[in-house]
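*Asks:* My request is simple: use the sequences and hints to build the entire structure.
Under my numbering, residues 198 to 567 are what the first sequence spells out, in order.
No wet-lab data here; the hints were simulated from the structure.
Cβ coordinates follow ideal geometry from the N, Cα and C atoms, glycine included.
Some clues are possibly wrong.
As the list claims (entries may be wrong) - Simulated restraints on C-beta separations: (1) Glu273 to Asp225: 31 to 39 Å; (2) Glu273 to Gln403: 49 to 57 Å; (3) Thr432 to Arg356: 45 to 53 Å.
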Amino acid sequence: MERDAVSGEWVARFRRNVRRWYARGGRDLPWVGERDPYVVWVREIMLQQTTVTAVVPYLDRFLKRFPTVESLAGAESAEVLRVWEGLGYYSRARNLSRGAKMIVEEWGGQWRNTATELQSLPGVGPYTAGAIASFAFDQSAGIVEANTARFYARLLALRSDLHSGEGRRQLWSLAERIVPRDRPGEFNQALIDLGATVCGVTPQCQECPVRGSCRSLELGEVERIPARASRRDVTDVFELLVVMRRGKRLLLIQHPDGERWGGMWGFPALSRDRALARSRFDERLIESEVADWGCDVEFQEWMDEFQHGVTRFRLHLQPIVAMWRSGSWEGPVTAEWVGIDELATRPLSVAGRRVATRVERILRHNGAQA
DNA sequence: AAACCGGGGCC
DNA sequence: GGCCCAGGTTT
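*Replies:* Printed below as a string of structure tokens:
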């Protein structure tokens, strides 16, 4: 059946219908027609697991700051992370830094143009490689991402889990047979736009240019395909964030690569198994635990606690302020005393930025009173 | 091939 | 709070 679905005649008609639809139904995205491989690469990395709406302002800002692969290769990783702050999945920014150095130093600044070669860049997998190859280099490489996967699954009425080996095999098989030799980048963009609009999560089949070929529409199962992915349970995490103050400086730690917020800066955390009671007893306990990091501190104040979701975790964060009295950081991760005025230049996690902003406000208020 | 990665926006 | 997002890497 799958073989019949992609006969030469079927493919030719499918392509004509998709192209005709795209001419009037395609989205007016800011990057339509972009061919610069560097710009396409940065854009596609940003779009991994991230909505177009979220990416647009970040891409604009990123390319203004790092307009060429050479400028990115020459930048400090912290500077790249600062531009990335708030977009999430920070390993992508570190991969861009590494990849830029690789392109400049190992490739001599010369881009490779096949999907296979492009996959050797860190953070570039089958989708991103196919996207760069087709958009920037006019290679007839197939693509499968969220929009095309949903579209293909409905088109062929695929019942397998799209993330399973079987599901992926079926999707990529179709993608590679369906992409044309002529203007493959434009065609791939058309497929994505079709999957993002007409064949979105809520399908609008009456507007679909290939509804006559859609197997799940024929079977009346468009609403049930693709199957919902199972979701992992949320795990609650309770942490106490210690804002250590020493004059006009705060102690920031750098989150290790491979852990939450890897590469970003933030405040040292004490793990708890539940929320704290804000008692005198807790205050003394905190002082004694901070002493294990080599710093003698005096508890100063409880700040407003807040929640922050990251992937499958729900963080319950309780920031406190403690005055440094003596000692130096001997904790398990890199740390630095950073001036209040310098906080704006450091890459902080969204939660860390929230705490930093509140501390700045508190200190300004106290300063005005003094 | 499944599990994990450990974010954030939108409704 | 549930659902989804122009995926990639690890085990």
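*Asks:* If a hint holds in the structure, say so; if it doesn't, say that too.
*Replies:* Status of each hint after checking the structure:
Roughly 36 Å separates the CB atoms of Glu273 and Asp225, a value that falls within the hinted 31 to 39 Å. The hinted window of 49 to 57 Å between Glu273 and Gln403 holds, with their beta carbons roughly 52 Å apart. Distance hint check: the CB atoms of Thr432 and Arg356 are about 30 Å apart, inconsistent with the given range 45 to 53 Å.
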